[in-house]
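Chemist: Residues per chain are reported as follows:
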Amino acid sequence: MKNPYLPLAMRTEKIVIETDDKNIKTFSLSFLNEEDESSFNYLPGQFVQLSVLSEGEAPFGIASSPTQPGELEFTVNKIGVLTTALHNLEKGAIIGIRGPLGNCFPIEAFEGKNIVIVSGGFAFTTLRSLLKYILYEENRSKFGNVTVIYGARRPGLLLYKDELKEWEVRPDLDVHLTVDRADDGWRGKVGVVPNVIKEVAPSPENAYTVVCGPPIMIKLTLPVLRQLGFPPERIILSLEMKMKCGIGMCGRCNIGNKYVCKDGPIFTLAHLNELSGEYKPGGRNFETKK
Amino acid sequence: MKEMKIAKNELVSFLDSLISEYKVFAPVKRDGFVVFQEIYSGSEALLVYANSKKPPKEILFPQSEVLFTYRLGGEGLGIEEPTFKDKQMVIFGIRPCDAKSLVILDDIFNSQVYKDVYYIAKREKTLVIAIGCNRPSSTCFCTSLGGGPFSPDGSDLLLVDIDHEYVVQAVTEKGKQFLKKHSEFKKVEEHSLSLMRSVIETAGVLIKSKVETGEIKKKLDVMFDDPFWDWLHEKCLDCAVCTYLCPTCHCFDITDEALDQRGERVRIWDSCAFPMFTLEASGVNPRPTSKERTRQRIMHKFKYFVDNHDMAACVGCGRCIKECPVNLDIRTVLNSILNR
Numbered sequence: 001m002k003n004p005y006l007p008l009a010m011r012t013e014k015i016v017i018e019t020d021d022k023n024i025k026t027f028s029l030s031f032l033n034e035e036d037e038s039s040f041n042y043l044p045g046q047f048v049q050l051s052v053l054s055e056g057e058a059p060f061g062i063a064s065s066p067t068q069p070g071e072l073e074f075t076v077n078k079i080g081v082l083t084t085a086l087h088n089l090e091k092g093a094i095i096g097i098r099g100p101l102g103n104c105f106p107i108e109a110f111e112g113k114n115i116v117i118v119s120g121g122f123a124f125t126t127l128r129s130l131l132k133y134i135l136y137e138e139n140r141s142k143f144g145n146v147t148v149i150y151g152a153r154r155p156g157l158l159l160y161k162d163e164l165k166e167w168e169v170r171p172d173l174d175v176h177l178t179v180d181r182a183d184d185g186w187r188g189k190v191g192v193v194p195n196v197i198k199e200v201a202p203s204p205e206n207a208y209t210v211v212c213g214p215p216i217m218i219k220l221t222l223p224v225l226r227q228l229g230f231p232p233e234r235i236i237l238s239l240e241m242k243m244k245c246g247i248g249m250c251g252r253c254n255i256g257n258k259y260v261c262k263d264g265p266i267f268t269l270a271h272l273n274e275l276s277g278e279y280k281p282g283g284r285n286f287e288t289k290k
Numbered sequence: 291m292k293e294m295k296i297a298k299n300e301l302v303s304f305l306d307s308l309i310s311e312y313k314v315f316a317p318v319k320r321d322g323f324v325v326f327q328e329i330y331s332g333s334e335a336l337l338v339y340a341n342s343k344k345p346p347k348e349i350l351f352p353q354s355e356v357l358f359t360y361r362l363g364g365e366g367l368g369i370e371e372p373t374f375k376d377k378q379m380v381i382f383g384i385r386p387c388d389a390k391s392l393v394i395l396d397d398i399f400n401s402q403v404y405k406d407v408y409y410i411a412k413r414e415k416t417l418v419i420a421i422g423c424n425r426p427s428s429t430c431f432c433t434s435l436g437g438g439p440f441s442p443d444g445s446d447l448l449l450v451d452i453d454h455e456y457v458v459q460a461v462t463e464k465g466k467q468f469l470k471k472h473s474e475f476k477k478v479e480e481h482s483l484s485l486m487r488s489v490i491e492t493a494g495v496l497i498k499s500k501v502e503t504g505e506i507k508k509k510l511d512v513m514f515d516d517p518f519w520d521w522l523h524e525k526c527l528d529c530a531v532c533t534y535l536c537p538t539c540h541c542f543d544i545t546d547e548a549l550d551q552r553g554e555r556v557r558i559w560d561s562c563a564f565p566m567f568t569l570e571a572s573g574v575n576p577r578p579t580s581k582e583r584t585r586q587r588i589m590h591k592f593k594y595f596v597d598n599h600d601m602a603a604c605v606g607c608g609r610c611i612k613e614c615p616v617n618l619d620i621r622t623v624l625n626s627i628l629n630r
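Just so you know, the protein sequences line up as chains A and B, in that order. Going by the working numbering, the letters in the first sequence line up with residues 1 to 290, in that order. Going by the working numbering, the letters in the second sequence line up with residues 291 to 630, in that order.
It should be emphasised that the hints constitute simulated quantities derived from the structure, not laboratory data. All of these numbers come straight from a predicted model, not from anything done at the bench. Hints are not guaranteed to be accurate.
If the Cβ cut is set under 10 Å, some of the chain A residues that face chain B in the computed set are [as the list claims (entries may be wrong)]:
#: 1; residue: 3
#: 2; residue: 32
#: 3; residue: 204
#: 4; residue: 248
#: 5; residue: 257
#: 6; residue: 262
For glycine and all other residues, C-beta sits at the position ideal for the given N, C-alpha and C.
Make a model of the complete structure from these sequences and hints.
Modeler: Written out as structure tokens, the structure reads:
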């Protein structure tokens, strides 16, 4: 019987500072043991529990794509005990990992469809995993048009800046970057994500939209997507909650009768609307039921 | 079900013989409280008692349990994996409500997808010998939850106290094999069986508290936004005693404890009554006040758990009623829900 609480060992191969406030870093990790690497099979949207032994464990979405074998990437915002411990690590440090946990984006359903990726702030991590998966040479033809609408408060807070540059010039990708406040060199849009969605007005025809961002962005984005004609069944969200076990036993991450760790973290808006339970932010539903 | 009997004056020597073979847990009196502990002599076991202060769930799901140890600063993570070499165990003298709670815990920790190896390793090595309740307490309401003072659910053997002896019912195959193996169990006469039936009948009548729990879920299905929750929590102190003493509550925290180069990852009981339970590092708390937390406790036990496991996460043991410092009586709560 596999012990679901035992972390596997990974070595920190690279640490990239993502933002100008230095609060967000991306960690590239590789498995210490080859067997662990071959048994760790994941898809975009899944998460893991990362351990810094003596400090504890916390959940993180996987930011890399399974199409880049041999390494796993996690983008970490320094905000609490464990994230601070991670930020204090240097190249070569050993990190524990449990997973992959949770469900993934409905990739099979996405095939043949246009995909609209909407994100704000540092929630872009698992969407980057999805995007890299879709853009992978052998996968790209399985999906239709891909639109990315991604915003941050200011240019310096956007993640994966080098990749964004590459993506902006790709002919098979429609990228719209936006910031709340521009600086001198900014050439993208200015305005909050929901307003940019209105302006870009992606077609709901044969399309799925995947939304991940801070609660306030989600709250204001959903009505815009509904207005554009996206049905709740094709609006995909990735949720987060405080978690400990990651396997549906410790009892804290439930929304109604579903556990975000085990039944999620990926839900359709239609599914969420059926659940009774606490959603962020503060209020009940993402979408008011009529 | 094949019955046998054991004379009361043989029980201590029977327990003594078990102790040589098994790790035996039984109710004992410690610091004025009845608790389940490992006994090293049959005479330690308390045979006349209502129920233990703390539920015996902690034998299989300890309040604090080391998941693994590690040594920092070496190669890799330095983890020393647990070996699960526990001895075979007997839980003797558990009440039927608490035995039933093991069925509920089994469904959580031995789920289809994930296996909690720590719980399962102990559970598989455990034989459960329950003693039925001749004199249920005023706070008992097991019969409202599909149980009863002599309900066999979760037990391998069930003992019925008929004054001078116990009639023993083998509930599971494991229980049957155990009976065969131990010569202390004798053939039972019809007279004892009729005494047993009357004891069982009398005890059932003694349970006065009744809640129609069958209707509760239907009510709760549409009560998430009900103003009921606005006032229900008002006297709750968030002390969490109801969850700590509940035989079915299973929420836990996982934490690291390290000193110098040695460390342990520990799992400890946690409670949905605490604000920190769901507080995220960002400062966001999806259950910020006692209102949301009280609602979560009731909803989890009587709606969400029923949705997922087809049974309520409550066995009617009454510990939360007995020990609540502000008399927030779950039976009253449930009846108020029914009346909405």
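Chemist: It remains to establish, for every hint, whether it holds in the given structure.
Modeler: Results for each hint:
{"no.": "1", "hint": "3", "verdict": "holds, 5 Å"}
{"no.": "2", "hint": "32", "verdict": "holds, 6 Å"}
{"no.": "3", "hint": "204", "verdict": "violated, 30 Å"}
{"no.": "4", "hint": "248", "verdict": "holds, 7 Å"}
{"no.": "5", "hint": "257", "verdict": "holds, 4 Å"}
{"no.": "6", "hint": "262", "verdict": "holds, 7 Å"}
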